[in-house]
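Note that the protein sequences, when read in sequence, are chains A and B. For the first sequence, full-length UniProt numbering gives the first residue as 1, with consecutive numbering after it. For the second sequence, full-length UniProt numbering gives the first residue as 1, with consecutive numbering after it.
In short, the hints are calculated from the structure, not lab data. What you were told as hints is all true, and nothing was included just to trick you.
Estimated spans, in silico, between C-beta atoms of each pair: (1) B:Y382 / A:A273: 24 to 30 Å; (2) A:G72 / B:Q59: 31 to 37 Å; (3) B:P58 / A:P58: 25 to 31 Å; (4) B:P58 / A:T17: 45 to 51 Å; (5) A:P320 / B:P211: 53 to 59 Å; (6) A:P58 / B:Q59: 25 to 31 Å; (7) B:A238 / A:P58: 41 to 47 Å; (8) A:E309 / B:G72: 26 to 32 Å; (9) A:E401 / B:D50: 36 to 42 Å; (10) A:E401 / B:L54: 29 to 35 Å; (11) A:L299 / B:L31: 33 to 39 Å; (12) B:L54 / A:K384: 44 to 50 Å.
Here a beta-carbon is modelled for each residue, glycine too, at the ideal position from N, C-alpha and C.
Number of protein chains: 2
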Amino acid sequence: MTAYPNMTREERGAEYTRVRQEFELWKAKGLKLNMARGKPGKQQLDLVSDIFSLMQDPQDYVSDGIDVRNYGELSGLPAAKRLFAEILGCRPWQVFVGGNASLQLMYDTISKGYTHGLLHSPRPWCREENIKWLCPAPGYDRHFKVTESFGFELITIPMTDEGPDMDAVEEAVKDSAVKGIWCVPKYSNPDGIIYSDKVIRRMAALKPAAPDFTIMWDNAYCIHEFEGDYVKFPDILALCEQAGNPDMVFEFASTSKVTLPGGGISCFACSEANMAYMEKLLSIQVISFDKVNQQRHVLYLKDKAHTLELMKKHAAIMGPKFRCVVDALDREIAPLEIASWQRPKGGYFVSLNAMPGTAKRTLALCKEAGVTMTDAGATFPYGKDPQDSNIRIAPSLPPVEELEQAIAVLCTCLKLSALEALGV
Amino acid sequence: MTAYPNMTREERGAEYTRVRQEFELWKAKGLKLNMARGKPGKQQLDLVSDIFSLMQDPQDYVSDGIDVRNYGELSGLPAAKRLFAEILGCRPWQVFVGGNASLQLMYDTISKGYTHGLLHSPRPWCREENIKWLCPAPGYDRHFKVTESFGFELITIPMTDEGPDMDAVEEAVKDSAVKGIWCVPKYSNPDGIIYSDKVIRRMAALKPAAPDFTIMWDNAYCIHEFEGDYVKFPDILALCEQAGNPDMVFEFASTSKVTLPGGGISCFACSEANMAYMEKLLSIQVISFDKVNQQRHVLYLKDKAHTLELMKKHAAIMGPKFRCVVDALDREIAPLEIASWQRPKGGYFVSLNAMPGTAKRTLALCKEAGVTMTDAGATFPYGKDPQDSNIRIAPSLPPVEELEQAIAVLCTCLKLSALEALGV
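Isolated chain A, as found in the complex:
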């Protein structure tokens, strides 16, 4: 097959007629497929069903002498802190264990900055003239929306193959209105990139003008390899400390994609001084998060090694789905030279860059054919991709047989929109 850009207009016209027919056939099927969100599939949920048979014995209600059923222990069960600390490579006393949603802990950290200020804030952020926030893009739409909802100005930082463009970050933090940055450092959402050691060290060593500049280090996919073995990852808290920036980072993680999205546990990790400051504020807000569920997770996951065994089972389900997506793209799209994509080994997404100006059109066509995808632009601040190019594919939810159809539809739509853009 000739690459589309190298075709003559007539060749493209013929191809368009052919692909249009393909598209109409898909439409006629009346599909209802969803690759919109990084939602685990039913098979993955069923993996952990035995979590519900725990907590049967009275001794299970007690952890380190604490009755997990009663009030108390604001920052979480010590055993749950130890579990997260081992997984993240930090120290147990740096961990605050929350409820089922790390997003809520992230939102709350930003909200606390806004209402009360963070540890080194000269004043609450609501008293600042304006606040700017660095958004490596493509990135996670929910992150961007949190900072947008507080009225911060979102600054796009380009992503490179090793993580955020650190030249751009180092330049941007010279502005004291820049108060923080969003990061998904391992298997970044959506690119699936692992930040390089160099990027991470430069991040930890930043010398921002704002004394309360905060790295929101969302380690959402810290143990979420679906291909190959667990990849070791540096402890950002230690690196920041070594660089003289102990209070510059909050790290986040959860078991949403380890046990259950609708009933997991989450955490943030930070320096001792940040912890003391945040606990003081959080003690006004909550007596404790759900310690029963924390204990259930401690009993179920046991430790990092045992958790990694469970992640291998997730990988056995996720791996084929990602291969299905990438194989289809390799086969159908690569020869046409109309898009490029990452080949992640972990995380929940395949990030595809279509021909500039065709992402929206592609996804509108997908919708027409019954395939729901993340909105075009969602991976950029304000939902606006300046290139109208990036498409986030989330292959986790549909079973493989549905996924094969969904990705075939996407390929058809990529072809159609490229042909339209190139002219037929």
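Given chain A, put chain B in place with the hints provided.
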């Protein structure tokens, strides 16, 4: 026994010597007793142990067609909404089901007012010159601290036998800086008063100057009778609606003292317009609260009638503890005319008014003898009881045999501090 105020100085001197000896004997025992917080006792926690044996069958993971284990359903499971709606007497679509802590939902409501404004706010509260908040006192210290932490000016509203002094409330809300009021309408914390119908109707019919004035209706003890049958209680949402104030109230409740304080579920209930507004803000913050635990509670509590049966079992444990406290006060303190107290039939506290100027001293003596109580003043804004009189007794945690000792210590300390104040 002659009342202390009617004794001669010599009689009081002799009594002081006797009571002081009693006190020294208590001190010598090296007690470590706690009546500080409304924490359920172990017997109550053990009541609900069979909640852990639920969720064993795959069909339990699905509720109204929703897989409770996965992401989604921001406002909670429909079945959990129905359960809370039946208990509160409101409608299911008025209910948002949260995590284990209603305090967190309350904090978040205030925080949203501060960061974004509530539905009818002319601007976010952080943009207002100053915000005032009505605090019926004695009241719940954690409520007061939430509004204090946002820098609001706390206005004390006297409590009467029927609830907050509505003349004072009606007068106060003429000030447009007054943005809301805290209420615990049934078995108020700490007085154990049920707001009268008249008070509730006047509350619902308020015509505040602030368009975004908000009643924070914390129905924490809505089904928490420990003596006698369940007492019906009006639906504040319907009353506000009838009075033309549909958006003026947020109601809160939880199962913290129904199932487990460390692992229950909570809710807020509000008008349709408030719900739409809050969901829009909350969708930025959280994908959903723990739906697995919501489902566990739906399966366990079933409906209001079945929940009330469980509450009878709590009552069988709580009733004797409250009788132990009130009987001791009747026997030891009533004849001395140095204090008065409420005789609640539900809730978690006995509110005692000691001789003005003696509450702090009484509790310092208690501490000396190994009995921890809620700090004096805690039931008033800023932790300052202008009379230094109110003492909140929380009898739920200690077993009866410990409670008998704790209350005996309290009686001794009340006597000592009264004698000191009267002069010996």
